[in-house]
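Q: As a plain string of letters, each chain reads:
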Amino acid sequence: MSVPQTRALIDNRKAIGPLEYTRRWWLRLTIGVTFVLLYAPILALMAFSFNDSRRNIVWRGFTTKYYEKAWNNDSLIQAFVNSLTIAVINTVVSTIIGVLVAIALWRFRFPGKPAYEGFMALPIVIPEICMGVAMMAFFARIGWPTDLPWPLTLANITIAHIAFSFPFVAVTVRGRLVGFNRELEDAAKDLGATEWQTLRDIVLPYLKPGIIAGALIAFTLSLDDFVITFFTAGPGSITLPVKIFSMLRFSVTPEINAASTVLIAITVVATVLAMRLQAPARRTSAEGG
Amino acid sequence: MESWRKNPVVFWMMNVPGAFWLFFFFIVPLGIVWAISFGEKRGVIEIEITWTLANYARALEPLYLGIFWKSIVMAGGATVACLVTGYPVAFAIAFAPERWKPVLLMAVVLPFWINALIRTYALIAVFRTQGFINFGAEWLWERADATLTFIGLGELHLIGERFEPLALLYNNTAVTLGIVYAFFPFMVLPLYANIEKMDRSYIEASLDLGASQWRTFVSVTFPLTWHGVISGIIIVFIPALGAFFIPDLLGGTDNQLIGNVIERQFKSANDWPFGGALSFLLMYLTFGALALRSLSGGRGRGLEA
Amino acid sequence: MAESQPIISIRGVSKRFGAVVAVDDVSLDIAQNEFFALLGPSGCGKTTLLRMLAGFETPSAGQILIDGQDMSRVPPNRRPVNMVFQSYAVFPHMTVSENVAYGLKVGGVPRSEQTGRVEEALELVKLGGYGDRKPDQLSGGQRQRVALARALVKRPKVLLLDEPLSALDAKLREAMQLELVNLQDTVGITFIIVTHDQNEALSMANRIAVMEDGAVRQIDSPAQLYEYPNCRFVADFIGKMNLFEGRVSAVDGDKLRVEVSGIGALDLPAPEDPAARRSGAEIGIAVRPEKIRVRREAPDKGRVALRGKVSQVAYYGDASHVFLILDSGQTISITVQNDARDASPRMEIGEGLWCYWNPGDTLVLTA
Numbered sequence: 439m440s441v442p443q444t445r446a447l448i449d450n451r452k453a454i455g456p457l458e459y460t461r462r463w464w465l466r467l468t469i470g471v472t473f474v475l476l477y478a479p480i481l482a483l484m485a486f487s488f489n490d491s492r493r494n495i496v497w498r499g500f501t502t503k504y505y506e507k508a509w510n511n512d513s514l515i516q517a518f519v520n521s522l523t524i525a526v527i528n529t530v531v532s533t534i535i536g537v538l539v540a541i542a543l544w545r546f547r548f549p550g551k552p553a554y555e556g557f558m559a560l561p562i563v564i565p566e567i568c569m570g571v572a573m574m575a576f577f578a579r580i581g582w583p584t585d586l587p588w589p590l591t592l593a594n595i596t597i598a599h600i601a602f603s604f605p606f607v608a609v610t611v612r613g614r615l616v617g618f619n620r621e622l623e624d625a626a627k628d629l630g631a632t633e634w635q636t637l638r639d640i641v642l643p644y645l646k647p648g649i650i651a652g653a654l655i656a657f658t659l660s661l662d663d664f665v666i667t668f669f670t671a672g673p674g675s676i677t678l679p680v681k682i683f684s685m686l687r688f689s690v691t692p693e694i695n696a697a698s699t700v701l702i703a704i705t706v707v708a709t710v711l712a713m714r715l716q717a718p719a720r721r722t723s724a725e726g727g
Numbered sequence: 052m053e054s055w056r057k058n059p060v061v062f063w064m065m066n067v068p069g070a071f072w073l074f075f076f077f078i079v080p081l082g083i084v085w086a087i088s089f090g091e092k093r094g095v096i097e098i099e100i101t102w103t104l105a106n107y108a109r110a111l112e113p114l115y116l117g118i119f120w121k122s123i124v125m126a127g128g129a130t131v132a133c134l135v136t137g138y139p140v141a142f143a144i145a146f147a148p149e150r151w152k153p154v155l156l157m158a159v160v161l162p163f164w165i166n167a168l169i170r171t172y173a174l175i176a177v178f179r180t181q182g183f184i185n186f187g188a189e190w191l192w193e194r195a196d197a198t199l200t201f202i203g204l205g206e207l208h209l210i211g212e213r214f215e216p217l218a219l220l221y222n223n224t225a226v227t228l229g230i231v232y233a234f235f236p237f238m239v240l241p242l243y244a245n246i247e248k249m250d251r252s253y254i255e256a257s258l259d260l261g262a263s264q265w266r267t268f269v270s271v272t273f274p275l276t277w278h279g280v281i282s283g284i285i286i287v288f289i290p291a292l293g294a295f296f297i298p299d300l301l302g303g304t305d306n307q308l309i310g311n312v313i314e315r316q317f318k319s320a321n322d323w324p325f326g327g328a329l330s331f332l333l334m335y336l337t338f339g340a341l342a343l344r345s346l347s348g349g350r351g352r353g354l355e356a
Numbered sequence: 096m097a098e099s100q101p102i103i104s105i106r107g108v109s110k111r112f113g114a115v116v117a118v119d120d121v122s123l124d125i126a127q128n129e130f131f132a133l134l135g136p137s138g139c140g141k142t143t144l145l146r147m148l149a150g151f152e153t154p155s156a157g158q159i160l161i162d163g164q165d166m167s168r169v170p171p172n173r174r175p176v177n178m179v180f181q182s183y184a185v186f187p188h189m190t191v192s193e194n195v196a197y198g199l200k201v202g203g204v205p206r207s208e209q210t211g212r213v214e215e216a217l218e219l220v221k222l223g224g225y226g227d228r229k230p231d232q233l234s235g236g237q238r239q240r241v242a243l244a245r246a247l248v249k250r251p252k253v254l255l256l257d258e259p260l261s262a263l264d265a266k267l268r269e270a271m272q273l274e275l276v277n278l279q280d281t282v283g284i285t286f287i288i289v290t291h292d293q294n295e296a297l298s299m300a301n302r303i304a305v306m307e308d309g310a311v312r313q314i315d316s317p318a319q320l321y322e323y324p325n326c327r328f329v330a331d332f333i334g335k336m337n338l339f340e341g342r343v344s345a346v347d348g349d350k351l352r353v354e355v356s357g358i359g360a361l362d363l364p365a366p367e368d369p370a371a372r373r374s375g376a377e378i379g380i381a382v383r384p385e386k387i388r389v390r391r392e393a394p395d396k397g398r399v400a401l402r403g404k405v406s407q408v409a410y411y412g413d414a415s416h417v418f419l420i421l422d423s424g425q426t427i428s429i430t431v432q433n434d435a436r437d438a439s440p441r442m443e444i445g446e447g448l449w450c451y452w453n454p455g456d457t458l459v460l461t462a
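Read top to bottom, the protein sequences are chains P, G and W.
Residue numbers for the first sequence follow the numbering used here, so the first one is 439 and each next one is one higher.
Residue numbers for the second sequence follow the numbering used here, so the first one is 52 and each next one is one higher.
Residue numbers for the third sequence follow the numbering used here, so the first one is 96 and each next one is one higher.
It is possible that some hints are incorrect.
Said to hold, decoys possible - Stretch by stretch, here's where chain P covers chain W in the computed footprint (C-beta under 8 Å, at least three residues):
hint, segment
1, 106–119
2, 162–173
3, 180–186
Said to hold, decoys possible - Within a straight-line C-alpha distance of at most 30 Å, the following computed DSBU-like cross-link-like pairs (lysine-lysine) qualify:
hint, chain 1, residue 1, chain 2, residue 2
4, W, K252, G, K57
5, G, K57, P, K646
6, P, K646, W, K252
7, G, K248, P, K551
To be verified - Not close to chain P: a few residues of chain G, all C-beta gaps over 12 Å, as computed:
hint, residue
8, A105
9, D299
10, G303
Source of the hints: derived by calculation from the structure; they are not laboratory data.
Ideal placement from N, C-alpha and C gives every residue a C-beta, glycine not left out.
With the sequences and hints as input, model every part of the structure.
A: Here's what the structure looks like:
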């Protein structure tokens with residue numbers, strides 16, 4: 439190719455606009471490197487759960503035997519079941535409480551409201567370890583019985599989880615409420631609806647995406663929680679993250695990788711599901727009247 | 052917004068569950084720890100609250116002050132690292148074509164959903180002596196050694212006699228990197244939200260007036276996204292202060308942070324009053340950081356994180 | 096025909112928000128089948144007054160009667176009035192039919208009856224066949240019609256409309272103005288609209304209440320308001336005017352001689368207001384720009400005539416606004432209709448012209 443031809447080719451390539459930052463190579467490189475660094479450890483962990491080797495990072499062959507080992511590890515399975523149970527109960531209760539709080543704060547004026555909102559935000563802001571030790575001290579102090587049958591053994595963990603989850607739900611729902619056109623509420627009342635009918639027919643349908651998002655957050659927060667559970671769990675109420683931690687203390691085996699991969703898979707599926715569930719609702723109300 | 056008096060029944064019905072839970076299962080437990088921090092041990096389980104300040108005095112001894120300081124420094128360093136690496140990513144996503152934005156955001160947020168403990172564990176596999184980095188470094192060393200031998204300089208052992216693995220674990224760097232890795236998405240999201248909302252016309256005006264891209268960034272873009280920066284800093288710094296399983300897994304005995312000390316008091320050392328004092332000092336530090344944020348212009352909003 | 100009682104009776108109603116008085120002792124009656132407008136600048140209290148009629152605010156003082164019934168204890172969902180909101184407030188998650196049926200549904204109307212009435216209402220607003228659409232598939236104007244149908248299907252005694260045309264573009268606005276008037280005529284109920292746009296109020300309403308700072312300044316038909324404003328505020332708010340200050344120097348039966356600063360003595364017919372008929376009274380003299388004519392030659396006797404130099408001409412296609420500087424330094428603005436294509440030669444800046452009007456067209460303002 440002659441020089442003029444080459445030059446023409448280069449000039450004709452679409453010029454990068456001054457604000458099209460993402461098309462600049464150094465920014466793309468930065469993002470690329472960041473994502474690689476972010477995902478590599480996780481992907482490696484997942485990949486090596488299938489590695490037929492006890493401790494090495496050299497690939498020795500594909501196997502699912504560590505998954506079988508994990509499956510046959512009764513205490514691991516029990517921990518997993520505990521985690522799920524707590525997460526489900528937590529999601530239901532936290533979502534209900536969180537939605538009520540969000541609507542109440544959006545709707546009512548009352549003395550001391552700023553202070554109340556501040557307190558509501560505390561569980562989100564406070565370092566987890568402070569809350570963890572507080573729950574531990576609380577249950578010890580009030581003499582929480584330690585010999586309850588399953589599933590009541592999970593009750594104290596569940597209570598703690600609800601305490602830190604519902605403010606997150608409230609924040610999420612509150613975020614959704616900000617975009618709510620109050621005239622919709624007035625219109626419903628003008629047409630004859632009572633308080634309850636307005637809430638049921640107009641407000642809650644609008645809130646649905648926010649409620650789903652909040653429930654999802656509550657579920658994942660609970661499933662993945664380590665710190666607070668670590669301080670409130672007893673011998674009969676171990677959850678999966680706590681179990682993994684104690685396994686880590688002993689030795690690093692691919693069995694941990696297997697258990698971790700399962701947990702990751704559930705989390706990812708739950709997140710993607712929720713994104714899907716939210717998306718159609720978001721479309722209609724974003725373009726809506 | 053209506054006054055609660057207009058509809059007291061509805062008001063109470065909506066508020067009671069949340070208020071009840073918050074009070075009994077959050078405020079009261081915190082209160083108990085607060086009271087305990089003024090107590091003394093009287094036996095294995097017994098604690099008597101004598102309103103002594105001995106625990107706080109002990110917490111302010113040089114040994115523990117040093118640990119507090121180290122925690123602040125390390126959390127601060129990790130926060131700065133998150134900011135420096137996170138800002139370009141948030142910036143790039145904010146200026147990406149519309150249809151890429153949700154994908155990119157998902158990609159950044161997904162690790163956040165994955166259990167922090169597992170992610171930290173994944174780092175161990177990367178950092179340890181028989182981990183990936185050393186694996187790769189060893190591979191490079193062997194190639195370099197082979198090349199040197201090939202060109203006849205093998206006898207000189209220019210890069211050492213054998214491969215010395217890098218001791219990447221069990222030191223401050225590992226802990227800091229672990230914190231950065233755990234909290235990176237927390238920094239990107241508020242930054243992204245803030246940059247995304249910024250009116251592009253400001254950048255265009257600055258360029259139009261003759262400023263270079265870099266100057267525009269320094270004088271216009273960055274100051275305008277300051278609130279996002281503050282939010283991100285707060286969201287990373289506070290949990291980083293209280294981190295305990297990250298230093299536990301990635302750090303050695305020299306790298307104890309305040310979180311580790313607190314955990315020990317409540318678990319193995321069984322010194323709850325002292326642990327309570329430390330715990331509350333950590334909380335006051337947290338509130339201090341939040342107060343700084345309010346002062347710097349980002350209005351402290353209750354439930355609008 | 097005997098006068099039936101007013102459908103709405105507002106008696107001494109005030110509304111305070113803390114230290115701010117939004118509505119200040121307003122009393123007015125609205126008759127059945129009227130198309131009534133509350134007109135005023137933003138902050139004048141008109142929307143607050145409307146919301147009190149609908150029941151979304153409670154008066155701090157005074158009484159509101161709808162069809163003879165006191166509404167003080169009646170919440171909005173039990174009043175015989177319905178409202179079309181400024182943002183239309185069409186429920187985004189329901190279809191058009193579901194929206195229109197909503198009021199009937201919560202009112203306990205049986206399903207079988209609902210369908211018929213919904214269809215009827217949609218036909219009324221020219222949205223027949225749109226029942227299954229969702230609001231995000233409709234234009235702004237169509238959503239407004241849904242809001243109208245939704246309110247009218249309940250057969251209220253009064254329909255309230257909050258700034259109904261402000262969100263529409265200019266062409267659509269004019270078309271909707273006519274449609275709303277026709278609709279009111281067809282349906283035969285009282286319409287009350289709130290607007291800050293005087294054109295809307297003038298073109299649609301039977302009677303207008305002009306409000307300022309929470310109080311009603313004048314209630315009259317559009318023509319009366321325009322030609323006989325009772326105070327400077329109303330004269331200025333509705334239409335444009337040229338205002339001069341003057342003093343009554345002599346009263347002679349039904350004529351006044353007024354000394355207008357910078358202009359001289361003007362002989363005007365005396366207005367009804369006794370305050371203006373005193374010698375020495377300080378009054379405002381105003382004339383609307385379209386009432387004034389311009390000429391190069393001096394006008395005939397019997398007109399109020401002034402001479403000035405052209406300072407600016409703004410061309411608007413159908414008319415031109417001409418600004419003359421009088422010898423006294425005051426500016427007077429005149430609207431000259433462009434009533435023939437090749438009209439009289441263009442006016443030059445600096446040219447001297449006479450402007451004149453009929454004395455009877457002068458507004459005499461005492462307040």
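Q: Taking the numbered hints from earlier one at a time, note which ones the structure violates and give those numbers from smallest to largest.
A: Violated hints: 1, 6, 9; rest satisfied.
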